[in-house]
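Chemist: We have chain E; now place chain A onto it with these hints.
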Amino acid sequence: MVVLVKTEYRAKFIELQKDHIFTSKLHRHLEQIDINRMKGRSYKKSFNLKKEVIELTFEFTQNPEEKIMIEKVNIINK
Amino acid sequence: MNPEPQKKAQLAIEILAGLPPVSHLDEFTLKRLENEFTLLVNSERATNTDIRVLATIYYHQKKYKKFITYLEEKIKYTKDFKLFSLYTLGKILLEPETKSKIEVVNKWFDDPINEEKYSFTYFTSTNSFKPKVYIGKGIINLTKSFSLEIDIVSKEKAIIKTGPLEFEVTVFELFHEMELQNMDNIVVDYYIDCLLNQSNSTSDDNYIQLHMKEQDFKKVHEYSESTKVDKHKDYSQYEAIVI
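Residue numbers (this note's numbering), protein chains in the order written: chain E, 1 to 78; chain A, 1 to 243.
Some hints could be false.
One side of the interface only, derived from the structure: several residues of chain E facing chain A at Cβ under 8 Å [to be verified]:
| no. | residue |
| --- | --- |
| 1 | Val3 |
| 2 | Ile14 |
| 3 | Leu26 |
| 4 | Asp34 |
| 5 | Met38 |
| 6 | Arg41 |
| 7 | Ser42 |
| 8 | Lys44 |
| 9 | Val53 |
| 10 | Glu55 |
| 11 | Gln62 |
| 12 | Met69 |
Mimicking PhoX-like on lysine-lysine, the simulated pairs with C-alpha atoms at most 20 Å apart in a straight line are [what the hints assert, rightly or not]:
| no. | chain 1 | residue 1 | chain 2 | residue 2 |
| --- | --- | --- | --- | --- |
| 13 | A | Lys144 | A | Lys218 |
| 14 | E | Lys50 | A | Lys137 |
| 15 | A | Lys231 | E | Lys67 |
| 16 | E | Lys50 | A | Lys99 |
| 17 | E | Lys44 | A | Lys233 |
| 18 | E | Lys72 | A | Lys137 |
| 19 | A | Lys65 | A | Lys76 |
| 20 | A | Lys99 | E | Lys72 |
| 21 | E | Lys50 | A | Lys132 |
| 22 | E | Lys6 | E | Lys39 |
| 23 | E | Lys78 | A | Lys137 |
| 24 | A | Lys79 | E | Lys12 |
| 25 | A | Lys132 | A | Lys117 |
| 26 | A | Lys231 | E | Lys44 |
| 27 | E | Lys50 | A | Lys233 |
| 28 | A | Lys157 | A | Lys99 |
| 29 | A | Lys228 | E | Lys6 |
Derived list of chain E stretches under chain A, where covered just means 3 residues or more per stretch with a C-beta under 8 Å from a C-beta of chain A [unchecked claim]:
| no. | stretch |
| --- | --- |
| 30 | 4 to 12 |
| 31 | 15 to 25 |
Simulated from the structure, these hints should not be mistaken for lab results. These numbers come from a predicted model, not from an experiment. Note that beta-carbon positions come from the ideal geometry of N, C-alpha and C, so glycine has one too.
So that you can see chain E by itself, here it is in the shape it has in the complex (with noise of 0.2 Å):
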C-alpha cells in the first residue's frame, strides 16, 4: 500500500515505521476504514504506542484518483 506524506513529516514517518507495532495498527486502521466514504474528507487518528501517541491527520483525495495523504504526523509523549 502507497501513502503520500507531507514532505515535511516524510523523516518522521519513515523512523515511526521502523516500529513493528505502529505499522501493525496503520495496516489494521486502513483495511477497516471506508475509503469511498472518506473520499475528500480529513480527520485525525491516534495510535497509542508504548511512549507515545501517534496522531496522523489523514485526507482521503477525490480528483482524479483517490488517495490516502498523511496530512500531519503528531507525536504525543505520554
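Modeler: Positioned in the frame of chain E, the structure of chain A alone reads:
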C-alpha cells in the same frame, strides 16, 4: 475421603469455570480440594476431568510450575485435547512475554493433538487497574474494563469480540498490547473506526457508553468527526511512501 460423584461434578464445574486471575476459593478450601482430587486421580476411577480439576486447583493455588509440569506429564500419555487446551491457556496467561506466548500458539496449531487445527478461544478482561484510553492529547478514564473473548484462529490471526463489537488483529499485536495493558485502547480504537465509517450500531454505542462517563463518550464522538477537504488543494509537496 473422595468426593461423591454429584459433589465432585459440582466442584469440577466451579473450578473449571476458567483460570481467572483471582480465585474466589480460599487457600484452606483449595488445600482440601487438592487432597481430595490427588486421592482421586491416583485411584483407578480417575478421569481426565479429575486431572483437569486438580491442575486448575494448582493454578488457583498459584503453584504454576506444578500446574505446567503436571499437565505436561499427563498430556504426554493421555493425548487428551481438553488437557492440552487447559495447558495452552495456562501457558498463555503465565508467559510474561509476547514472544513466548506466540510460541505457545504455534505449538497449539502444530501439535498432533490438535490435528483438526481448531482455533483457540478464551475469555479474559482487560483488567487494568485504572483503565484509560489515549486519544490525541486527551486521556479518557474508563469506568470499567472491557470483557474480551479472544479467538485465535491461526498462528497469525486473532479475532477479538467484546459486547457487540468484533474485529481482527494479528496475534503479535494481541499479545504485545496485552503485555502493555493496552487492550482497552484497542477496543476504543476499533469503535472510532466504526464511527468514521458510520458503521456503528446503537448496540455498539450503548456498549461503549457503559464503560465511560457521558462527557468522555462525547469526546470520543467529537474526535471521530471528519471534515471536508478543499477540492483544489495543492498536493505537490507530498511524497509517496510504501507502508
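Chemist: Look at each hint and say if it fits the structure.
Modeler: How the hints compare with the structure:
no. : hint                : in the structure
1   : Val3                : 6 Å, holds
2   : Ile14               : 7 Å, holds
3   : Leu26               : 6 Å, holds
4   : Asp34               : 4 Å, holds
5   : Met38               : 7 Å, holds
6   : Arg41               : 4 Å, holds
7   : Ser42               : 5 Å, holds
8   : Lys44               : 6 Å, holds
9   : Val53               : 5 Å, holds
10  : Glu55               : 5 Å, holds
11  : Gln62               : 6 Å, holds
12  : Met69               : 6 Å, holds
13  : A:Lys144 - A:Lys218 : 17 Å, holds
14  : E:Lys50 - A:Lys137  : 15 Å, holds
15  : A:Lys231 - E:Lys67  : 13 Å, holds
16  : E:Lys50 - A:Lys99   : 17 Å, holds
17  : E:Lys44 - A:Lys233  : 18 Å, holds
18  : E:Lys72 - A:Lys137  : 14 Å, holds
19  : A:Lys65 - A:Lys76   : 17 Å, holds
20  : A:Lys99 - E:Lys72   : 33 Å, violated
21  : E:Lys50 - A:Lys132  : 13 Å, holds
22  : E:Lys6 - E:Lys39    : 18 Å, holds
23  : E:Lys78 - A:Lys137  : 9 Å, holds
24  : A:Lys79 - E:Lys12   : 52 Å, violated
25  : A:Lys132 - A:Lys117 : 36 Å, violated
26  : A:Lys231 - E:Lys44  : 19 Å, holds
27  : E:Lys50 - A:Lys233  : 35 Å, violated
28  : A:Lys157 - A:Lys99  : 15 Å, holds
29  : A:Lys228 - E:Lys6   : 18 Å, holds
30  : 4 to 12             : holds (count 6)
31  : 15 to 25            : holds (count 6)
Hints 20, 24, 25, 27 from the list above are not met by this structure, while the remaining hints are.
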